[in-house]
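Student: Line by line, the protein sequences are chains A, B and C.
Going by numbering that gives the first Met the number 0, 218 is the number at position 219 of the first sequence; the sequence numbering is gapless.
Going by numbering that gives the first Met the number 0, 77 is the number at position 78 of the second sequence; the sequence numbering is gapless.
Going by numbering that gives the first Met the number 0, 16 is the number at position 17 of the third sequence; the sequence numbering is gapless.
Take these hints with a grain of salt, some might be off.
Stated by the list, open to error - Restricting the straight-line Cα-Cα distance to at most 25 Å, the calculated cross-link-like pairs of lysine to any residue (SDA-like) are:
| id | chain 1 | residue 1 | chain 2 | residue 2 |
| --- | --- | --- | --- | --- |
| 1 | B | K22 | B | M0 |
| 2 | A | K337 | A | A311 |
| 3 | A | K233 | C | W356 |
| 4 | C | K76 | B | A85 |
| 5 | A | K314 | A | N299 |
| 6 | B | K22 | C | G284 |
| 7 | C | K311 | C | E151 |
| 8 | B | K7 | C | F113 |
| 9 | A | K155 | C | E151 |
| 10 | A | K230 | A | N299 |
| 11 | A | K598 | C | N353 |
| 12 | A | K16 | C | N353 |
| 13 | B | K253 | C | G182 |
| 14 | C | K290 | A | Q130 |
| 15 | A | K79 | A | A311 |
| 16 | C | K292 | A | A311 |
| 17 | C | K76 | B | I8 |
To be verified - Just so you have them, the derived chain C footprint on chain A, three or more residues with Cβ under 8 Å:
| id | region |
| --- | --- |
| 18 | 125 to 138 |
| 19 | 153 to 163 |
To be verified - Label-pair distances were calculated between CB atoms; the ranges are:
| id | chain 1 | residue 1 | chain 2 | residue 2 | range |
| --- | --- | --- | --- | --- | --- |
| 20 | B | T190 | C | D112 | 39 to 49 Å |
| 21 | B | W181 | A | K21 | 52 to 62 Å |
| 22 | A | K233 | C | K208 | 31 to 41 Å |
No lab work stands behind these hints, which were simulated from the structure alone.
Predicted, not measured: the structure shown is a model, and the values here were computed from it.
Even glycine gets a Cβ: it sits at the ideal position worked out from N, Cα and C.
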Amino acid sequence: MRGWNVHEVVNSPDRLKTPLIKKNGSFCEATWNEALSLVSNKLTDQLASDGGASIGVLGSSRCTNEENFLLVKLARAALKTNNVDHPPRLTHAPAFAGLSRAFGFGAMTNSINEIDDADLLMVCGSNTSEQHPAVASRILDAVDRGAKLIVVGPRKHQLARFSDIYLPVMPGTDLALILGMLNVIFSEGLASRSLVDAQSDQYVALEEKAMKFAPEQAERYSGVPADMIRKAAKTYAEAEKAMIFLSTGVIHHGTGTSNILGLADLAIVTGHVGKASCGLNSLVLHCNGQGACDMGLIPNMLTGDQPVADSAVRKKFEAGWGVELPIEDGLNAYEMVKAAVDGHIRSMFILGDDLLVGSPDIKQAHNALEKLDFLAVQDLFLTDTAKLADVVLPADGGACAEGTFTSTERRIQRVRRAVPNPSGKPDWEVLVELLSRCGHSVSYSSPADIMREIAWLTPIYAGVDYQQLETIGGLQWPTDPETGRGSLFLYATGFPEEFPKISAVDFIPPSDVIDSTYPFLMSIGRSYYFWNTSPMTARAPTLRREYSAPLLDYPSGLAEINPEDAKSLGVRDGGTIKLVSPHGELRLQAMVSGAVPSKVVFVPFYLREQASFLTGPTQDPEAKMPTFKESPVRVEKA
Amino acid sequence: MENVYIPKIGTLREISDELADVKSFNVRLRDQNEQENFKFRSGQFLEVSVFGVGEAPISISSSPSRHASFTLTVKAVGSVTNALHAMSPGDEIGIRGPYGNGFPFEEVQGKDVLFVAGGIGLAPLRSLLVNMLDHRSDFRKIILLYGARNPSELLYKENLTEWENLEGLDLLATVDVADDGWQGNVGVVTTLFSKTTISLENCVAFVCGPPIMFRFVIKELKERGFEDRQIVSTLERYMKCGVGKCGHCCISHKYVCLDGPVFTYDEIKDLQEEV
Amino acid sequence: MAVEYRTIASNRLDDLIVALAEEAQVLAPVERAAGDVLFSAIRTWDEMARDYVNTDLPPKQFMLPQVEPMFRYHRNKGYEVEPVYDEQQRIIFGIRPCDVSAMLFLDLVFSADFPDVYYARRRQKATLVAMTCDNPGENCFCTCADSGPAAEEGFDLQLTRLDGKFLVEIGSEEGSSIVNRHGNLFEAASSEEIQYRLDHEERVMPKFKEARSYFAQAIRRITTESVGDDLWHYVGDRCLACGGCSYVCPTCFCFNVVDNPNGTSGTRCRTWDSCALAGFTRMAGGHNPRKQKQDRRNRRFYHKLAHYYIEKYGRHGCVGCGRCVLACPAGIDMPAVVKNMREFAGGEGIRLENGLWQIHSTRGHTNPTHQE
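Go ahead and model the full structure; you've got the sequences and the hints to work with.
Tutor: Structure representation (structure tokens):
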């Protein structure tokens, strides 16, 4: 529905048309010359006085690859900083980390088309119908044709209702379920040795751990009945072509990376990876979330998963760009905000991200941005973040951009301008100008040139060029420069020696445990009509009408609660309830729903602003990302 | 071809507070000719524009027999009605219409008329009632049974006082919950039925109020022997055009803005959708 | 008026297009990047798509645009309102018979009761040059809806492909006037050529994917309200409420009206809306008579199929163009739902158990909307 109404966003009269400079607290229109001069002067001054570590650059998962690439160049080549990130990565970093560790690439192992031939689809932590309807559509088609569907998650959402096996796992306990399934697989001799040597240390370690985790124990932690765990395990293992799909429901935990590694182990020991219609697939939430990572909008990575720490990689880029690149570890978006509050980061450039609305801690983000000496923001609208800036630059947006996006299935596709940009200056030209003004001149005649450079520096994008993309309609990395072909699924020709890797992670029960004081788990998840931070959907009248629906029915905000729990609390639909956690409290209206399991309340993402006061500060240790998903709370009738 | 989407301009004259969230707006069309030629039937509605905010369908609560101006009684529930509430005398609004089929008037001459109203449901019925009182000899017995949640939520308090003493009208009012000053009946509006005599023969009932009241009143009327076609009510729907084009007010194959908003009970009882 | 025929040689079509483009905006199916076919302005025959079944968006977009300004208002001392009208002359070239039928349906809707002046003006300035279909698309079922593979009325001109030329049927005075204005391009049609056109339907019918369709049966079931609630619940559960079906449907016309203020002046516009969306019937106070998706789906199919509308408008509300098959991500397009009405209308075989759908088809389907 967002797509059918995107014209409302594109044509909105609120679109920024000219650069703005803040003078005496209010914005004045400025010329590009004035604005870009100011931005480049301020940033280069900051570089000179406190070094690159005092600058932060944030990009967007909605920008084209070419724009993000130029932004990375601006940060690293011109401003000498590795403080480069894009905030939505928060939601996916554990997935990328996990997939990378297990298979060598931080991306889906398969393609969406392969769903058509799968026998079994296992969907974990993904309300696919609402967040990835195109994928849900293919899954349902496959089910129509006889494929089996296993859905794992605490909420019986739309796709779950069409499943063959539904596993209502308690939030934060996915790994317990996975270990229970592995137990069944090993005990019943369903493990395959095709991908990993059964004598290897990793295989042995995993088998040992799994054998100690009987389904009954898994049930104790996860709430999923043991017999269903057995059924699911057997169905998954015995299927010939099985694909796992996952999204934020599994990633968004203190143990997000571990969950991914657990699922990877499951795929590996059943031989369900590295073949057609077999693999592990994380669904990225934004149109160019995959691309943003591919372009190196990550503090410790250059393009295509090439680490900054690798001296050979650095030398290659330094040769290509003609400058020395910074070596110090960069900060991620979350850490940048903390650093700004602490005064270590003094200037920031933010492209296309409404940081304030998307933050896990909005108060902190607000403080951070206010404390900065200089903030420049480039966006479509005067968002809350933009309002705090010293300079605001108008941005392209999807319908005006000319470049490429890389979809969740690693497909690099052309994006063509459909509507002229109201400001008259495409983003990539703005960034080229900024680069020059910051002392690093570059020359491109078009975004095609930029892609040529990306392809040259990035092995997984090798040989990609626009002409090819026009004819084929998209190319999936890793590409083979000789044949010009992309990869439908990873490792079609076999795994290299070091992959796949079994991780054999331990299950750690959630740190914020429910107990008699806080007997409920509050889970936060995305809702249909809001797209991440929704600066765009709020401006489309049809979408706004649909979005305001929950607010009309539940003006104080809502929390989904199970009918039995509602009954025992004496609460009716629409009645006010109080959620209390060790960190704060929140009043919302109850939406009584059979989709939610007992002892769990589900709060939609757009209420995160308020709900963030309740969540604890747990972080995923490997990805260094804060946890969003579950917090123990007490629920009372208010 | 007339462009039915272009509003005429109306000027707000008097604005009076009826209830906490309900105001009455007395309006006159800015162009004198237009006002002189402005004719409508009770039960019809206008599409009222607050320029820059939008349009909302609002039934006319003044009688067609009073010509100098017309009155809209509006509850503030959405963006347009809230914007309207923030306006002052002299401000301008857009007016399109009148639209809809209106209550039967000539058709019920010579009959007994029973009005049953709940809360703000009295607003569209007032237009019809006053018109009937202005043509009193054309009708036989006229009864108004009116109920609200509490005395402060009774609409048109001035009218009610006037009507209490009117000979040609039997007025019975009730509240669900009384306050200290209330002297009248206490109970839901259906409790008033036993306090008056209604003869079924040649009688028409006009019912307007919240859905739950509607259900109970229908039950009461049917128990007393009313036939479905003797019961008349008015439906509300989300509307964007008022002229049967935008599709929003469709119920089965009827458009509330064209075939309604006034319907007899037999026309709506079998409609597949919730009323 | 008795139908008159001419022919035009294929190599003279370019001359015709060039000439027409001088008189009006010629809109024809054009193939865009990534294989989309959309009506776009052309000035030469070459720009037009060659082997197209139909456009992805229906031609209603020119009579009822996705966003249409209705009037501008501004406040001097008091408010002044000026209507905004589109004055473009358009020739819709290559419109398919199903879309012609849809256009006639919309003509009836917009001229009924209170005629819609915006639609009327655009429609009056539009000329329809139809192209009959020789090869039905995979999803086409116009024959079930009585709207193809050739149009019987409603076109100004209709072309049928012959060998090296096209047969031209003149369907209106405007069509006649075009032929006269460019008389040098047209020739007489022989009786064989005319017969070829008269045999068109017989020739094309066997190429349709389905030998039978259950369209008539679906109309009967919907009209007699004999479709079980469970089926609508199932369809509603699959529905993503995206609105796509309404946007691509050539007979859908529901619209929303929005004011776009700019200080004390502004524009009132209308935009496409869809009964699939929850807010379609939600009233300001929050009451929503079609809160459940199954009620909205029920409404859509009722509106498209019920006999009442066939009586009122003399035409089917669905013209069998098949666009919803491509647009719907949930597999509940018109052909799919028609099929499952046949199978599950009685209400047996579909059940929600413990919140999971259980399907038991006597015909061995795992899912009622499964296409055979």
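Student: Does each hint fit the structure? Answer for all of them.
Tutor: Now for the hints, and whether the structure bears them out:
Proposed proximity of K22/B and M0/B is contradicted: the alpha carbons are some 36 Å apart, above 25 Å. About 32 Å separates the Cα atoms of K337/A and A311/A, which puts this hinted pair outside 25 Å; it is violated. A hinted pair counts as satisfied when its Cα atoms are at most 25 Å apart, and K233/A with W356/C qualifies at roughly 22 Å. A distance of roughly 19 Å separates the Cα atoms of K76/C and A85/B; the hinted pair therefore holds under the 25 Å criterion.
Straight-line distance between C-alpha atoms of K314/A and N299/A comes to about 15 Å, which keeps the hinted pair within the 25 Å bound. A distance of roughly 16 Å separates the Cα atoms of K22/B and G284/C; the hinted pair therefore holds under the 25 Å criterion. Distance check on the hinted pair: K311/C and E151/C sit about 20 Å apart at the alpha-carbon level, within 25 Å; holds. For the hint linking K7/B to F113/C, the alpha-carbon distance of about 17 Å falls within 25 Å, and the restraint holds.
Taking the CA atoms of K155/A and E151/C, the gap is about 51 Å. The hint is violated against a cut of 25 Å. Proposed proximity of K230/A and N299/A is contradicted: the alpha carbons are some 42 Å apart, above 25 Å. With a CA separation close to 18 Å, the supplied pair K598/A and N353/C stays within the 25 Å bound. Note on K16/A and N353/C: the hinted pairing is violated, with a Cα-Cα distance of about 54 Å set against a maximum of 25 Å.
At most 25 Å may separate the alpha-carbon atoms for a hinted pair to count; K253/B and G182/C exceed this at roughly 49 Å. Our distance criterion of 25 Å between C-alpha atoms is met by K290/C and Q130/A, whose separation comes to about 21 Å. The straight-line distance between the Cα atoms of K79/A and A311/A is roughly 18 Å, inside the 25 Å bound, and the hint therefore holds. Of the pairs offered as hints, the one joining K292/C and A311/A is violated, with about 57 Å between alpha carbons and a cut-off of 25 Å exceeded.
A hinted pair counts as satisfied when its Cα atoms are at most 25 Å apart, and K76/C with I8/B qualifies at roughly 12 Å. Against chain C, the region 125 to 138 of chain A contributes 6 residues with a C-beta closer than 8 Å to a partner C-beta. That satisfies the three-residue criterion, and the hint holds. With 6 residues carrying a beta carbon less than 8 Å from a beta carbon of chain C, the region 153 to 163 of chain A meets the three-residue requirement, and the given coverage holds. Between T190/B and D112/C the CB atoms are about 42 Å apart, so this pair conforms to the stated range of 39 to 49 Å.
In this structure, W181/B and K21/A meet the distance hint of 52 to 62 Å, their C-beta atoms being roughly 60 Å apart. Distance hint for K233/A and K208/C: a CB-CB separation of about 39 Å, consistent with the stated range 31 to 41 Å.
Hints 1, 2, 9, 10, 12, 13 and 16 from the earlier list are contradicted by this structure; the remaining hints agree with it.
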